[in-house]
Amino acid sequence: MGFWRNQLSGPTDPAADAAWDRPEPRKGFFTDTSICIGCKACEVACKEWNGVPEDGLDLLNQSYDNTGALGASTWRHVAFVEQTTDRIEQARESGRKLVSLGMPSVRSRDDTALAGGGGTATATLTAPGDLVPGAAGGPGPIDAALPAVRWLMASDVCKHCTHAACLDVCPTGALFRTEFGTVVVQDDVCNGCGYCVAACPFGVIERRSGHEGHEKGAQSHGISIKGSGGSGGSGGSGGSEGTGAAGHQGGGSHQNAPSHAETNGEVKNVGIAQKCTLCYDRLGAGQTPACAQACPTTSIKFGDLDEMRATARARVAQLHELGYPEARLYGVDENDGVGGTGSTFLLLDEPEVYGLPPDPRVTTADLPDMFRKAGYAGLTMLGMAAAAFVGRRR
Amino acid sequence: MTTNPFDADRPPERRRRRHDDGSPDTGKRRRDESLMVPDVRFDSYYGRHIVKPAPWEKEVAAYLFLGGIAAGSALLGAGGRARGLPALQRAGRIGAVAGAALGGAALAKDLGKPSRALNMMRTVKLTSPMSVGSWILTAFGSFTGAALAIELGRPMLERRSRASGSGAVALLSTAMKLADGPATVGSAFFAPPLAAYTAVLLADTATPTWHESYRELPFVFVSSANLAASGLALVTVPARENGPARKLAAVSAIAELVAFERMQDQLGPTLSEPLRTGKAGRLLKASRALTIGGALGAVALGGNRVTAALSGAALMAASVCTRFGVFEAGMVSAIDPKYTVEPQRERLEKRRAAGVVDDSITTAR
Ligand code: SF4
Ligand code: SF4
Ligand code: SF4
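Taken in sequence, the protein lines are chains A and B.
Numbering of the first sequence is given in UniProt numbering, commencing with residue 1 and proceeding in unit increments.
Numbering of the second sequence is given in UniProt numbering, commencing with residue 1 and proceeding in unit increments.
Chain B with its partners taken away, still in its complex shape (with noise of 0.2 Å):
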C-alpha cells in the first residue's frame, strides 16, 4: 500500500497511517470507552521486517510438490498392485522413487552447508517437523526404493535362474516375492504423512500466513499431492489402467479447493491477503483454473491416450502452481511488517477488550 517513491523517505513518524480496512465494526463490541477495541494502528521500524522469511529457495517449494507428487504416485502404485494393474503399479513406484530422490537431493541443496545434510539423521526431534520430515522420507525413499529395486530386479533375477538353474539366485528371486508385499504396504504407509507433514513443515514457523493456515493447508497439500499423482498417472498409464488416477483427481481437485476457499476464508483479509495478490496470487489463480479444467478434462476425456495426457500436465501443472503460490504468499508475508503487526495487534487489543490482561508481552508493571 505504499502510495508514492517518496513514502520510503518519510521520517518514520510520518509512516503512520490508520488502518480502516479489513476490521469491520461487528457491533458486538461493547460501547464503553474504555473497553473499545480501537482501530489497528499499523507502526514499524522503518518498514523493516519483524519476522525473518526462510532462508529457503526454489528448491524448497519444488520439494513441496515433488514430496506429494511421490507420496501419491506410491498410493497409486499400491492400490494397482492390489487391484492388479501393472502399469499403474509400475508408474507409481517410479513417480514415489523419483519423485523423493529429486525432493531429498533438492532439499540438501537448499541447506547452508550441504555437505553436512546427514546432520539431519543426527536425532529425532518431535518439536521439529523438519527432523520428523526427514525420517518420514527416509523410511519413504527406503520402501518405495525396495518395492521398485524388487519390481525391476526381479524379472532379471528370473531369467537368470532359469537360464543357469542356480539355486541360489532362484531363492533371492523368491524372497524379493516375498518382500514385495511388505514393501508396499510400507510405502503406502508412509506415503500419508509424507504428503501431510510438508504443511506442518511450513506452518510451524513465524511466517505470519504460513503458520495462522495450519488448519486447512494440511488438507490443501494431501489434495494437491494426489491431484499432482494422478496427473503423472494420466500422463504415463495407458487408458484401459487410468480408470483409478481419473477417479483420484476428481475427488482431489473437490477436495482442495474445498480446502483452499475454507483456508482463505479462516485467514482473514489481512492475512490472506499475500494468497490473493501479486505474484502469489497470480500462482494460485492459475493453479485453481488448472485443477478444474484438468479434473474435468481427466474425468470427461480420461479414455483417450492424449486429452488424458493433457489433462494429467494440467494437473500436474495446478499442484507446482499451488505449492509455489503458497510457498511465495508465505515469503511475502514475512517480509512485509504489517502481516505481521496488524494481526497481533489486533488479538492483543481483543484480548485486553475481553478483560484478559495477564498474557501480554507489553506490561506497565
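If we strip away everything but chain A, and leave its shape as in the complex, we get (with noise of 0.2 Å):
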C-alpha cells in the first residue's frame, strides 16, 4: 500500500518507483541565486553542449534578460530582477515571517554541515550593494541600511520534480524516469501531442517550433493568442514583453520565437517536446552537467540530491545567520506539492517575483479523485439518455 499512495503525491523515490533495478543515487541541482553574477554561461554551456537551436535575438526590455523564459530551447534561463529599497524591505519581511513561521526541520539544523561554496559567498552577496556608490554598507547584517538598489539574479531550469506531471501525462510514454532520478525526453518517441506542457506547473516544457521537416509556423497556443488575450487580461498578458519582442510575431510574445534553421544551422526535433536532460548523457559518463561545470561562482552545484539540500539548508542557515532574512529555498521539501524537486534553489524574494509558482501541486495528484467524477458524469450522461426512451414513444 505504502508503494501505490506516493505514486502520485507526497515524498518517494521516484527511480525505484519506476523499477530501476539498482538506481544510482538521485541526483540534483542546487541553484545559490545569492551568488549568482548573471554571466550566463549556464545559458551558453548548455546550448553548446546539447546542440539546442537559437530561439530568437532580441531585446526584451527586462534588465539584462533577453532570454526571456525557458522553452523548447531554452534549457537554462538566468532572470534578472531589479529592485529598489522598499522591494528589498518588502524581500526581508517576507522572509523574516517565513522564519517566525517556524518551518519545518526536517534535519535538525546543522551549522558544521556547512558545504561548498558556503565560505566565500557572502562577498558576492553583497556585490550588488556595490552598484550604488551611495549605499556604502550593501545589504548587510539585518539593521544595516539597506542598499538604493539589488539585482536579482537566478539561473532557472526544469526542477526534474519527484512527481513530474509532464512524465505522468505522457500519452506515448516519450518522457521517462531514469536511474538518476530525472526527467528525460526521447526525442524519438514523442509525437508532439503537447500534453506535457500544458502539465507542467512550472512552466518548463515545451514543444519546439520552427522550421524543419514540416512548418508549423510561429509558436502560437490556440485561438487566443492572435488577438492578444481576448479577455481582460490583466497582469499584462503578453503585453509587458511585447514592447522587447516586437522585431518578432507580435501575438505570440510571451513566448520564445520559433528557432531558425537559416540563423542556426541544423534545428532538430521540430514539433517535439523538449527540455533539460539534466545532461543525461554526461551524467551517463560520471560527469558533471554542462551548465554547473561551466558555472564560475558555483551558483549552480551539482551532485547526488541529499547532498545538494544539506548544502541548501546550510547555505540558507548562514545567510540567515549573516543578517540576510530574505534567503528561502525553493524545492527542497518533500512534502510540496511535487514531492520536492530535483533541482533546489535558495532565493531573495518570492517565487513569484523570479517566474516561479508561489505553491505549484502536480495535476495528477487529483487524478483519481478526477476520474472517480468523470465516471459519475459517465453514468449520468447514461442515465439521461435512458431516461429519453422509457415512456411513450414519441
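The set of hints was computed from the structure by calculation and includes no laboratory data.
Just so it is clear, the structure is predicted and the values come from calculations on it, not from any experiment.
One thing to keep in mind: the hints can contain errors.
[Stated by the list, open to error] Computed far set for chain B versus chain A, every beta-carbon distance over 10 Å:
id, residue
1, ARG48
2, HIS49
3, ILE94
4, ALA105
5, ALA106
6, ALA149
7, PRO155
8, MET156
9, ARG162
10, ALA168
11, ALA175
12, ASP180
13, ARG262
14, GLY268
15, ALA289
[Stated by the list, open to error] Derived coverage of chain A by chain B (criterion: at least 3 residues anywhere in the stretch with Cβ under 8 Å from a Cβ of chain B; other residues may be distant):
id, segment
16, 13–22
17, 194–202
18, 330–337
19, 347–355
20, 364–370
21, 374–381
No residue lacks a Cβ here, since even glycine has one placed at the ideal position from N, Cα and C.
Relying on the hints, combine the two individually framed chains into one complex.
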C-alpha cells in the first residue's frame, strides 16, 4: 500500500518507483542565486553541449534578461530583477515571516554541514550594493541600511520533480524517469501531442516550433493568442514583453521565438517536446552537467540530491545568521505539492518574483478524483439517455 | 487589468499592486497579527506566464465537440435500435462514426509530429488521460464502425444472396446480424467514457481554470455531448421518431446549465473570470442562450420538421460554443500569471494561517 500511496503525491524515491533495479543516488542541482553574477555561462554551455538551436535574438526590455523564459530551446534561463529599497525591505519582511512560521526542520539544523561555496559566498552577495556608490553598506546585517538598488539573478532550469506531471501525462511514454531520478524526453518517441507542456506546473517543457521537416509556423497557443489575449487580460498578459519582442511575431510575444534554421544551421526535433535532460549523456559518463561545470561562481552546484539539500539548508542558515532574512529555499521540502524537486534553489525574494509558482501542486495528484467524477458524469449521461427512451413512444 | 499601455514598460517593482477584489473578509479569521491572512498580492516576472498554455489549436476544441456529438449519437443510435426507431438508429450511427472519425483526424492534425500519431497506441498509461482517451476513442470507433458497417452492408448482402442464392453470402449476412447487437452494446458502453474523459483531459493540466474545474467539468461536457447529439438527431430524423431526442435535449439542457453554474461558483471569482470575460465569456454566454432557446424549441416545436431542425441546429451551436469557450478560458488562465499566482498564494497563506507549515515549496530552512 505504501508504494501506491505515494505514486501521485508525497515523498518518494522516483527512480525506485520507476522500477530501476539498481538506481543511482538521485542527482540534482542546488542553484544558489545569492552568488549568481548573471554571466549566463550556464545558458551558453547548455546550448553548446546539447545542440539547442537559437530561439530569437531580441532585446526584451527585462533588465539584462534577453532570453525570456524557459522553453523548448532554452533549457537554462537566467532571470534578472532590479529592485529598489522598498522592495528589498518587503523581501526581508516576507523572509522574516517565513522564519517565524517555524518552517519544518526535516533535518536538524546543522551548522557544521556547511558545504562547498558557502564560505566565500557572502562577499558576492554584497556585490549588488557596490552598484550604488551611495549605499556603501550594501545589504548587510539585519539593521544596516539597505542599498538603494539590488539585482536578483537566478538561473532557472527544469525542476526534475519527484512527481513530474509532464512524465505522468505523456501518452506515448516518450518522457521517462532515468536511473538518476531525472526526467528525460525521448526525441524519437514523442509525437508532439503537447500534453506535457500544459501539465508542467513550472512552465518548463515546450514543443519546439520553427523550420525543419514540417512547418508549424510561429509559436502560437490556440485560438486565444492571435487577438492578444482576448479577455480583460490583467497583469499584462503578453503586453509587458510585447515592447521588447516587437521584432518578432507580436502575437506570440509571451513565448520564445521559433527556431530558425537559416540563422543557426541545423534545427532538430521540431514539433517535439524539449527540455533540460540534466545532461543525461554526461551523467551516464560520470560527468558534471554542462551548466554546472561552466558556472564560474559555483552558483549552480550539482551532486547527489541529499547532499544538495544539505548544502542548501546549511547555506540558508548561514545567510540568516549573517543578517539576510530574505534568503529562503525553494523545492527542498519533499512534502510540497510536487514531492520535492530535483533542482533546488536559494532565493532572495518570493518565488513569483522570479517567475516561479508560489505553491505548485502536481496536477495528477487529483487524478483519481478526476476519474471518479468523470465516472459519475458518464453514468449521468447514460441515465439521461435512458430517460429519454422510457415512456411512451414520442 | 492593465490600465494603460505604459504599464508594460514599468520596471518590475512598480508592477506590484494590491489585490483588492475577490477575497472578501469573511470575518472568521483570527485577529492575531501573526496569524492574519495578508492581502493577496500579485507579483510576476515581467508579466510573463508561469505555466505554459497547451500548444493546442482550434482542432482540439473542435475535437471536444466532435467527440461529444459522436458519443451522444451512439447512445441515441443504440436507443433507437432498442426501441425500434430505424431513422434514429441510422442517424445516431452515422453521427457516431462521422464524429469519431473527424475528431480523430483533428487530433492527429494538431500533433507536433502527425506522422507519429500511432505512437499513442505504444502504451497504455492510466496516469495519462490522453492515453486512456486514445484507447477509448479506438474502442468506440471500432464498435460504432462495426455497427454502421453492418447496418449499411447487410441489406446489400441480402440482396446479393437472394439474387445469387450463394450460401456463403447468406452466412456472412447472418453473422453480421448476430454481431449487430454486440456492436451496438459496445458503442453504447464506450460512449459515456468518450464524452467524459475530455473533461479529465483538460483538467489534468496545470492550466488553472481547467484544473480547478475538474469536479464539475465532466458533467458540463457530458451534458453538452447529449445536447449536441440530440441537436443532430433533431436535424436529421423525421418528427415521428425524434421524441427521444427532444426529451434528451430538455434533460441535458437543464443538466448543463446547473453544472455550469456550479462550476463557476466553485471556481471562485478569480478563476471563473476567464469564463465570464473576453471571447470565452462571449462564447459561453452565447452557449447559454442557444441552449435555452434550442431546448425550449425542441420541446415545444419539435413536432414540426422545420422548427425541430432549427432547434437542433441551435443545440449543436450551443455545444460548439461551450467547448470553444471552455477551451479559450483555459488558455487565458494559463497565459495570465495572475491566475497562477493569486490562487496559489491564497491557498498557501490560508494553510499557513491554519498552522500548516510543512507542505510549502518555499522554506526557511
Ligand atoms: S519541472 Fe516541469 S518539465 Fe521539469 S520535471 Fe517537473 S513537470 Fe516535468
Ligand atoms: S509532447 Fe511528447 S513528451 Fe510531451 S506528452 Fe506528448 S508525446 Fe509525451
Ligand atoms: S543539466 Fe544539461 S541540459 Fe540541463 S540545463 Fe544544464 S546543461 Fe542544459
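How the hints compare with the structure:
no., hint, verdict
1, ARG48, "violated, 6 Å"
2, HIS49, "violated, 6 Å"
3, ILE94, "holds, 17 Å"
4, ALA105, "holds, 15 Å"
5, ALA106, "holds, 13 Å"
6, ALA149, "holds, 23 Å"
7, PRO155, "holds, 24 Å"
8, MET156, "holds, 29 Å"
9, ARG162, "holds, 32 Å"
10, ALA168, "holds, 37 Å"
11, ALA175, "holds, 28 Å"
12, ASP180, "holds, 18 Å"
13, ARG262, "holds, 12 Å"
14, GLY268, "holds, 15 Å"
15, ALA289, "holds, 19 Å"
16, 13–22, "violated (count 0)"
17, 194–202, "holds (count 8)"
18, 330–337, "holds (count 7)"
19, 347–355, "holds (count 7)"
20, 364–370, "holds (count 5)"
21, 374–381, "holds (count 8)"
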